[in-house]
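Residue strings, one per chain:
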Amino acid sequence: MTDLFVVPLLQIVVVLNAVLVAVTYMVLLERKIIAWVQSRLGPMRVGPHGILQPIADALKLLLKEDITPIRADRWIFTLAPIISLVPALIAFAVIPFGGEATLFGHRVPLYIANVNVGLLYIVSITSIGVYGIILAGYSSNSKYPLLASLRASAQLISYEVAVTLMLVSVIVTTRTLSLVGIVEGQMRQHIWYVFIQPVAAVVLFIGGLAETNRTPFDLAEAEQELTGGFHTEYSGMRFAMFFLAEYANMIVVSAVMTTLFFGGWLSPFPNVAAAHFLWYIPGWIWFLLKTFVLLYVFIWIRATLPRYRYDQLMRLGWKVLIPVALVNLVVSAIVRVFL
Amino acid sequence: MALFDTDELVLNMGPQHPSTHGVLRVVLRLDGERVVGSDVVIGYLHRGIEKLCEHRDYLQIVLLTDRMDYVSAATSNLGYCETVEKLMQIEVPPRARYIRTILAELQRIASHNLWLGTHAMDIGAMTVFLYNFRERELVLDLFEDYCGARLTYNAVRIGGLPLDIPAGWDQKVRAYCDLFESKIPEYEELLTHNRIWKERTQKIGVISAEDAIALGLSGPLLRGSGVPRDVRKDEPYAAYADFDFDVPIGTLGDTYDRYLVRVEEFRQSLRIIRQAIDGLPEGPILGKVPRLIKPPAGETYHAIESPKGEIGFFIASDGKSITPYRFRVRPPSFCNLQALPRLIKGHLVADVVALIGSIDIVVGEVDR
Chain W
1 MTDLFVVPLL
11 QIVVVLNAVL
21 VAVTYMVLLE
31 RKIIAWVQSR
41 LGPMRVGPHG
51 ILQPIADALK
61 LLLKEDITPI
71 RADRWIFTLA
81 PIISLVPALI
91 AFAVIPFGGE
101 ATLFGHRVPL
111 YIANVNVGLL
121 YIVSITSIGV
131 YGIILAGYSS
141 NSKYPLLASL
151 RASAQLISYE
161 VAVTLMLVSV
171 IVTTRTLSLV
181 GIVEGQMRQH
191 IWYVFIQPVA
201 AVVLFIGGLA
211 ETNRTPFDLA
221 EAEQELTGGF
231 HTEYSGMRFA
241 MFFLAEYANM
251 IVVSAVMTTL
261 FFGGWLSPFP
271 NVAAAHFLWY
281 IPGWIWFLLK
291 TFVLLYVFIW
301 IRATLPRYRY
311 DQLMRLGWKV
321 LIPVALVNLV
331 VSAIVRVFL
Chain A
1 MALFDTDELV
11 LNMGPQHPST
21 HGVLRVVLRL
31 DGERVVGSDV
41 VIGYLHRGIE
51 KLCEHRDYLQ
61 IVLLTDRMDY
71 VSAATSNLGY
81 CETVEKLMQI
91 EVPPRARYIR
101 TILAELQRIA
111 SHNLWLGTHA
121 MDIGAMTVFL
131 YNFRERELVL
141 DLFEDYCGAR
151 LTYNAVRIGG
161 LPLDIPAGWD
171 QKVRAYCDLF
181 ESKIPEYEEL
191 LTHNRIWKER
201 TQKIGVISAE
211 DAIALGLSGP
221 LLRGSGVPRD
231 VRKDEPYAAY
241 ADFDFDVPIG
251 TLGDTYDRYL
261 VRVEEFRQSL
271 RIIRQAIDGL
281 PEGPILGKVP
291 RLIKPPAGET
301 YHAIESPKGE
311 IGFFIASDGK
321 SITPYRFRVR
331 PPSFCNLQAL
341 PRLIKGHLVA
351 DVVALIGSID
361 IVVGEVDR
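Top line first, the protein sequences correspond to chains W and A. Residue 172 in the working numbering sits at position 172 of the first sequence, and the numbers go up by one each step. Residue 256 in the working numbering sits at position 256 of the second sequence, and the numbers go up by one each step.
Careful: at least some of the hints might be erroneous.
Stated by the list, open to error - Computed from the model, here is a short list of chain A residues facing chain W with C-beta under 7 Å: (1) 123; (2) 127; (3) 196; (4) 200.
Unchecked claim - Straight-line alpha carbon distances no greater than 20 Å define the calculated SDA-like cross-link-like pairs of lysine to any residue that follow: (5) W/143 to A/10; (6) A/233 to A/279; (7) W/143 to A/8; (8) A/86 to A/157.
Unchecked claim - Pair ranges (Cβ atoms, derived): (9) A/134 to W/327: 40 to 46 Å; (10) A/9 to W/235: 21 to 27 Å; (11) A/137 to W/48: 25 to 31 Å; (12) W/315 to A/323: 55 to 61 Å.
Since the hints were made in silico from the structure, they are not lab data. All C-beta atoms, glycine included, are put in the ideal place defined by N, C-alpha and C.
Only chain A is shown next, with the shape it has when bound in the complex (with noise of 0.2 Å):
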């Protein structure tokens, strides 16, 4: 008989932990503080959008966008509004395809705050979370004074945007661009060479390439394992085609190499966000649109690079209603979550929050 109870414990992380992110539930058998196996438990946000938007006019579905990934809302808009404007061959004026390149880089910036502030904050480092949040701050302004919301924005419309820029705004946006530049280097001066950042983040959730294809990964944490795959470069949409980025990538895949990525894409947002302001073309900012959307028969996906990672929309239509015939969308934190059970075996259940939170997802985003 064994001297000692050696079963292993089960843990149930979430869905009400600080550092699930929201409602994730993790569901962790553990020996000792080593994991030996997980359940990730979904649905706890599932607001069924895409079933809704089959109820939706294609107008209305552009808020619901919002609501998917909450904290890069714009992106979302853009990548739905695209999808119709392809299914619809819809021509999108210059002006309107820059503004919205400057959006979606701001929308990744704003993103990726958000991401480095709590990935800091689940390894303990509190003030780079507030340091973030300062800086996020910012770039919501810019979104208030270019929309009026904050979070959920409703920025982009089928066929161009909304509105204009407001008088001013682009030289708000240049003056955001250099003083965030300036504030980068206080990031990497907490972590990048901070030893207790490298112990904690240095292959931990160590994914390699072909792994990482095979798990259908995108965005960083493709990027971070080494696969130059992005969507901006590989298939340009809005402007990309137009401006001169890099696509920063890793070497081992760990969870400092995803950090490395994350922080060099904030440079090649702002190079990106530059190019455009001073690119700016004149002209209109809506596109022939007929008075009523309704798409031909058919049916298309497309896919932009979100902050989270490559979000594609599907969408069918039978080309008698004003509603989608189905609905899908290719959500990227929910793609990339697949590859949580695999990224925290065998680590302790200090990086299990660690790797949650370099995997980047938003609830909202998984459960839709």
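Isolated chain W (complex conformation) (with noise of 0.2 Å):
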């Protein structure tokens, strides 16, 4: 009984909060390793270093009025950004944040579902999320917002493929779906699979950085051509829906990531003796570092590179990471099949 229900609920209670937390710190923590990188301080009156800037951020954004266009479609414009935020979140539920851990004397398992789908799932829930964008570009009736929504699905056909296209070849290598699976393959393996797939790694990190719309293809809001594109005419709290999805998709992104291909809770080097000394860290500790590790990589471009046009992403979806999906399917199979 407490296993099928009260264990499962707490976690859903733990993962739901620890993500919305580290969601609004991620902003904060954006905007300081932003200034940092163009010599700034950030935000620092909020709290030492600006370390309550986010309750700030939350308070602002609850108390602000909400404004629905007269000439919006109410109800869609409503729905889009809760269809943008309810599959980042649920997302989480397949990621596995370690292995299996004691407390008070159950074995609790790190992970709130251990699906044997668990890859399509991730690809199917994070896939809806786009539709928030296109939605509530189409809803505010708008024209900035409108070209927006065009951009976003422009986009979403060019990455998608690759990507899904992408995780066919990881499957190949993994011969699993489950993400707690592949963890273990690892382990078995002794290897990370970023050495094994070097070329997907690369690939879906960036189709990562085109689904959570982040530069340098922050195509659909543009806030120089597009004036903060789709979410252009939402305030207050559905604003911050939209904001919080971003950023909940690149805590998800970084976490597939680090699952696929960086041994998700295993420590480096989980086969070399001499590296024992690490699994005293526990394994959420190690997996919490890596994702850390892909955040930053997020934020570091998004203060380095400018922004593609959406027929330069399409271009560079449909005529290289495509292709180079397909032979990188073809070789995998081949290596699995004979060697």
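Assembly of the complex is requested from the two constituent chains, each provided in isolation within its own frame, with the hints serving as guidance.
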């Protein structure tokens, strides 16, 4: 009874809250890191070194007037931020933060669900999120958001195919769709999959950038061109939901990348006897550390690169990423069958 | 009957838009995201400066020229004062001419800093923006040391300068030149060989040399198309004839060429400043100017090279009053802006902001 209901419920509460706090602090982290890159200080006023800034931001967004434009499509306009945020949050259900831990005499797995189609679940759930953006742009009944939603659709069809093809070639290596199984596979084979599938790791990271609408692929947002793009007409908490979704998606992508390619909760060099002292650090810390490094790369890229144009992203997707993904798939399959 | 509604989409970009650099309004007619036509609407910042000038005496007009191109006030001051000097045939002492040159070149760097920052920002590279503002700040500090103001300097007087340089200023300028020279590679590292930057700027908004001349373009826009026209070189004013510098030109006339030209102008400006500081002559800073400035009857036109292009002043005097009879400015921003509809046609919305940035306009000067 406890194992069936109480434990999963507690897990959900803990993960959901942890994710929401992490997301708000991601915003602060991003502002701080970008500020350091740009030789500024970043938020400094609220709390020491701006540590309470996320709380102030959340309060501000909660108290702001929630405007619905008169000509907007009310239902879809309200629904769009929800469609954006919810998939980003429920994607965490299958992400293994660690192996198993003993808590108050119970053996508790550090993941909510070990679904045997975990990877498919992630792919399908995260692609729903984009509909939030497309619908937001469409329902605003305003020109800039409309252009943004067109861009988002163009973006979706250009990276999604390559990303999914790449995942197929990863699956050829992992031989399982379960995320827990993938980490365990890396334990058995004594190697991070990034060394077996380096091309897939790179392409999936690029796809992840496009999926999360981050620079250099933040075309649908494009503040300088489309004045905020799909969320031009949004304010207050509904705008905050898009914001949360973007950062939650970043964490999802980083966590999935960690799981697939960087050994999930495993310590580095799990097979080298000399590195056994690394085992004393709990697995979930390794997981968070690796995820954090990937998140840092996301932010670093944002501070460095200009933005692509959407036709250039499409060209990149169709002419570079998809052929690379196909070749990678064929090579992976040949290696899998003959070696 | 057509299955879809295939009308053009009219998109009103501006007058309040983050990338129209002020209150420029561009009405775009779009086919998807492709621009099929556009109207540039100006006048939102029209203050009637030219008419105002006809009701102010010659000294007060210097202040008004500050407010035209407000990110490059010193060159406007210089252009106006030299025009009056030409009209009245006032001889400017060499020290004043050298300091004017230093001020104008510092101003060019500050203006190009602002341009590069905002242009890169429009294309999405936000770090370049803050790096440029970091260095622009240093120029503003130098101006503050010189005349106390940071934006609208009123730094030039008819016949010379209001102030000599403060003690130690030349050393500060030297130190600034060394510092800034080490910072230019930081911008270039982020942009010049950046693949995305190249894809966003190369072959975007190409304008041929003939078209550029026909449209009356000037400044980096014209030089980017490969025309080596620079008023500093062709019709030297201030002390430019004494200095050794190159006029960088582009080859293709696209946004990338214009970017390269301006970055190279950073280096050339530093070269000029260093030569001017080294060879700074002693002597007075104000020539023989009558107490009452009342030019003889006649008219004159004089142009100098502002950071944005050729800024020219036409002044007609009736010889009787202490105000100009007719005052007219040839503002480079305005003349360059007329290339915009031509440049953006056939490009995407994302390129429109890149091209507005590439022209480098200041709406205060476009509308006056």
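Hint check results:
1. 123: Hint holds; residue 123 of chain A Cβ to chain W Cβ min 4 Å, cut 7 Å.
2. 127: With Cβ-Cβ at 5 Å, under 7 Å, it holds.
3. 196: holds, 5 Å
4. 200: For residue 200 of chain A, the interface hint holds, since the closest Cβ of chain W sits about 6 Å away, which is under 7 Å.
5. W/143 to A/10: holds, 9 Å
6. A/233 to A/279: Given that 20 Å is the threshold and the Cα spacing comes to 19 Å, the pair holds.
7. W/143 to A/8: At roughly 12 Å apart (the allowed maximum being 20 Å), residue 8 of chain A and residue 143 of chain W satisfy the hint.
8. A/86 to A/157: holds, 13 Å
9. A/134 to W/327: 40 to 46 Å: holds, 45 Å
10. A/9 to W/235: 21 to 27 Å: The hint (21 to 27 Å, Cβ to Cβ) holds, given that residue 9 of chain A and residue 235 of chain W are roughly 24 Å apart.
11. A/137 to W/48: 25 to 31 Å: With Cβ atoms ~27 Å apart, the hint holds.
12. W/315 to A/323: 55 to 61 Å: Given range 55 to 61 Å: holds, Cβ gap about 60 Å.
In this structure, every one of the numbered hints holds.
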